[in-house]
Amino acid sequence: MKPKYKILIIDDDESSIDVFEYLLEELNYEVFTLKNSLLALDRVREVSPQLIILDWIMPEKSGIEVLKEIKANSELSDIPIIISTGVRTDSGDLKTALDSGAFDFVRKPIDEIELAARVASAISTFEYIKQIVDMQIEVADQKLLLSETKAKLLQNELDKKERELIASTISILHNKKLIDNIKSDVLQSDVFDLSSTRNPFLKILSKYEHESNSFNWQMFETRFTELNMEFYKNLRFQFPELTSNEMRLCAFYKIGLSSKEIAILNFSNYEAVRKAVYRIRKKMQMNDKTSLMLFLQDY
1227 MKPKYKILII DDDESSIDVF EYLLEELNYE VFTLKNSLLA LDRVREVSPQ
1277 LIILDWIMPE KSGIEVLKEI KANSELSDIP IIISTGVRTD SGDLKTALDS
1327 GAFDFVRKPI DEIELAARVA SAISTFEYIK QIVDMQIEVA DQKLLLSETK
1377 AKLLQNELDK KERELIASTI SILHNKKLID NIKSDVLQSD VFDLSSTRNP
1427 FLKILSKYEH ESNSFNWQMF ETRFTELNME FYKNLRFQFP ELTSNEMRLC
1477 AFYKIGLSSK EIAILNFSNY EAVRKAVYRI RKKMQMNDKT SLMLFLQDY
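Using this note's numbering, read the sequence shown as starting at 1227 and increasing by one per residue.
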């Protein structure tokens, strides 16, 4: 069963209200009424009608004034309004009503067939507009959902790349430490005669030591830039006096490496890294209590 459409009649004349009420209820509409036009906005909000039939000539406030107030309210402006009058019935009056925002115009005394046609037309237009608005809202919601989904997928991809970057860096650190430990153990062992520089075992150690030192900075920088597209640009803009090596150290700190780990990757000692960090902090005018790693997360 189709739901009843709600129609609000605003008219100071009791007999006109009775006629509208009778005819519209016969057409299976749910009718609400109001005699005092000063209370129009509150009554419209209370009823939330699909149509308003508004008398032009009323003592408290004219129908045209009420019409303009309703149309000026963003919450109510979409409700179609039919102006009714038995006095202002010429074409100039019709133009005034339509220019003020009325959907249609009905003359008194009311003709049953004319009323039924105008009311049906107004409500069908209201429903059509409502469907269009609902579709627009649905499309907007779908676009928002799609945008959020894409953003989530992108973030997941970035998180994955970040994990891969950190994992590959840690792997390099682990391999270098392993090679260094092997070299140390071999050099301290009595098993091999390492006094001769021509000892083939030394060549093998040298080969793997060289490979462990071959940290691919270009590959690291490419992956790092994918994750932190504006990092170098923002850092360079804020602190133009930073050198390339200092920018590289900042990138390492950005992903959470310690000074000792950076020393291994940078083929230097801890003290050299500590001094470099001191210079960086000085150029950035950082106090001693500020963490460089946390500071760099904003870039």
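I should point out that these hints are in silico values taken from the structure, not numbers from a laboratory.
Everything numeric in this text was worked out from a predicted model, so none of it was measured.
Honestly, I wouldn't trust all of these hints.
Simulated crosslink set (DSS-like; lysine-lysine; CA at most 27 Å straight-line) [as the list claims (entries may be wrong)]:
no. : residue 1 : residue 2
1   : 1232      : 1294
2   : 1321      : 1369
3   : 1261      : 1287
4   : 1356      : 1321
5   : 1261      : 1294
6   : 1369      : 1294
7   : 1369      : 1334
8   : 1480      : 1508
9   : 1321      : 1297
Each hint tested on the structure:
Annotation: proposed proximity of residue 1232 to residue 1294 holds, straight-line Cα distance about 21 Å (limit 27 Å). Using a Cα cut-off of 27 Å, the hinted pair residue 1321 and residue 1369 is violated, with the two alpha carbons roughly 41 Å apart. Distance check on the hinted pair: residue 1261 and residue 1287 sit about 11 Å apart at the alpha-carbon level, within 27 Å; holds. At most 27 Å may separate the alpha-carbon atoms for a hinted pair to count; residue 1356 and residue 1321 meet this at roughly 26 Å.
Straight-line distance between C-alpha atoms of residue 1261 and residue 1294 comes to about 18 Å, which keeps the hinted pair within the 27 Å bound. Simply put, residue 1369 and residue 1294 have alpha-carbon atoms about 35 Å apart, too far for the 27 Å limit, and the pair is violated. Among the hinted pairs, residue 1369 with residue 1334 is inconsistent with the structure: their alpha-carbon atoms are about 49 Å apart, more than 27 Å. The straight-line distance between the Cα atoms of residue 1480 and residue 1508 is roughly 18 Å, inside the 27 Å bound, and the hint therefore holds.
This hinted pair checks out: residue 1321 and residue 1297 have alpha carbons roughly 16 Å apart, not beyond 27 Å.
The structure shown violates the earlier hints numbered 2, 6, 7.
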